[in-house]
Amino acid sequence: MKRVKRRYLALEWDFEGFIGENEFMGALWGSVARLFGENGASLANLVLIDYSGGSKMATIRANLVAVDMVRAAVASVTCVSQKAIAINVVAASGTVKGLSRRLPKLRK
Amino acid sequence: MRRTFCDLHLRVKTKDPAFKQVITKTSSLGFRMVAVPFVSDFHREEYCEFQTVCKAVDLDSVLRVDLRPRSPDELIQQVRRVRRKFEIVCVICDTKEVARQAAKDRRVDLLNFPALDYRRRFFDRPEAELACNSSAALEVDMKPLIALEGPAKIRLLSALRREIAIAREFGVPIVLSSGVSELMLLRNPRGLAALAFLFGMNECCALNAVSDIPSGIVKCNRLKLDPKFVAPGIRLIREGNDC
Chain A
118 MKRVKRRYLA LEWDFEGFIG ENEFMGALWG SVARLFGENG ASLANLVLID
168 YSGGSKMATI RANLVAVDMV RAAVASVTCV SQKAIAINVV AASGTVKGLS
218 RRLPKLRK
Chain B
84 MRRTFCDLHL RVKTKDPAFK QVITKTSSLG FRMVAVPFVS DFHREEYCEF
134 QTVCKAVDLD SVLRVDLRPR SPDELIQQVR RVRRKFEIVC VICDTKEVAR
184 QAAKDRRVDL LNFPALDYRR RFFDRPEAEL ACNSSAALEV DMKPLIALEG
234 PAKIRLLSAL RREIAIAREF GVPIVLSSGV SELMLLRNPR GLAALAFLFG
284 MNECCALNAV SDIPSGIVKC NRLKLDPKFV APGIRLIREG NDC
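Protein chains in written order, with the working numbering: chain A, 118 to 225; chain B, 84 to 326.
Chain A with its partners taken away, still in its complex shape (with noise of 0.2 angstroms):
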């Protein structure tokens, strides 16, 4: 069987308040499936790796395949709990070390 590519993305986001992971994950899944249906969320295969409510950061993995669609609904969330939000992928890599390394460098 072929092996499913995946692809790590690091979120921040610009919210006043503190957001719970399982808000913030509704929040993607439901802009994933109201942009893309239930079929397209399920080809986007979303889990979050890690989450960070204090620095308002989150790495949240994909199928490479569904990528575009994912970062599209990230684009498209406004608004977790009646609050605007604004959400961006500020890094994007085949691994999570990947990521990491690129994470600091984004910092300064």
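Just so you know, these hints were derived from the structure itself, not from any lab.
Take every hint as true, because none was put in to throw you off.
Here are some, though not all, of the chain B residues that point toward chain A, as calculated from beta-carbon distances under 8 angstroms:
id	residue
1	L112
2	I229
3	A230
4	M267
5	L269
6	R270
7	R273
8	A277
9	L278
10	F280
11	L281
12	E286
Idealized CB from N, CA, C, for every residue including glycine.
Put chain B on the given structure of chain A with help from the hints.
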């Protein structure tokens, strides 16, 4: 080579309390060039303020005007008045006649269509043919795609998909702009490009539409507005008695 990301349509006014915040956020998101629409008879101080705020956050400020004429004659008059004053001239096409005239006019840089009323999106094949001969670009504001939901968004996506296909067929340049006035609707350049995936643009085309194409238009117009510009390919190098 690093791309120079541009947002040619930030809808904030210099008097707006959130103006500085929006410009700072735009810079932190990775844009290097921004334009804010001014009225045709703007005050120089307003532009200076915009320039100062942009310079403080390492952004290149672009002087842009949005024209909303009601007839083709009015458009010709307005373009004649503003062309030498502004780096970017955008026409918001509310009628088909204005859209056709704007596409024909070589002095117009960007064609913008109302996002909410899909019946007034006049970017069809004849329009594209005129635009490709005059080198006007089609501007797509991403704000409605972020803010709208339900049937309105579906209709907009459908219209944009058709327009983008036509533009690519005729080789009309496409410019992606944010068109936002609120901080929370700002997205980074790659986020804007990702949204373009929804209406059928691939990653490379979408990234060009937020970087190379808009910066190319600005660069070309700056060259033309330079006092040393004579004609395309001809520049005044030196002037004096010994020449």
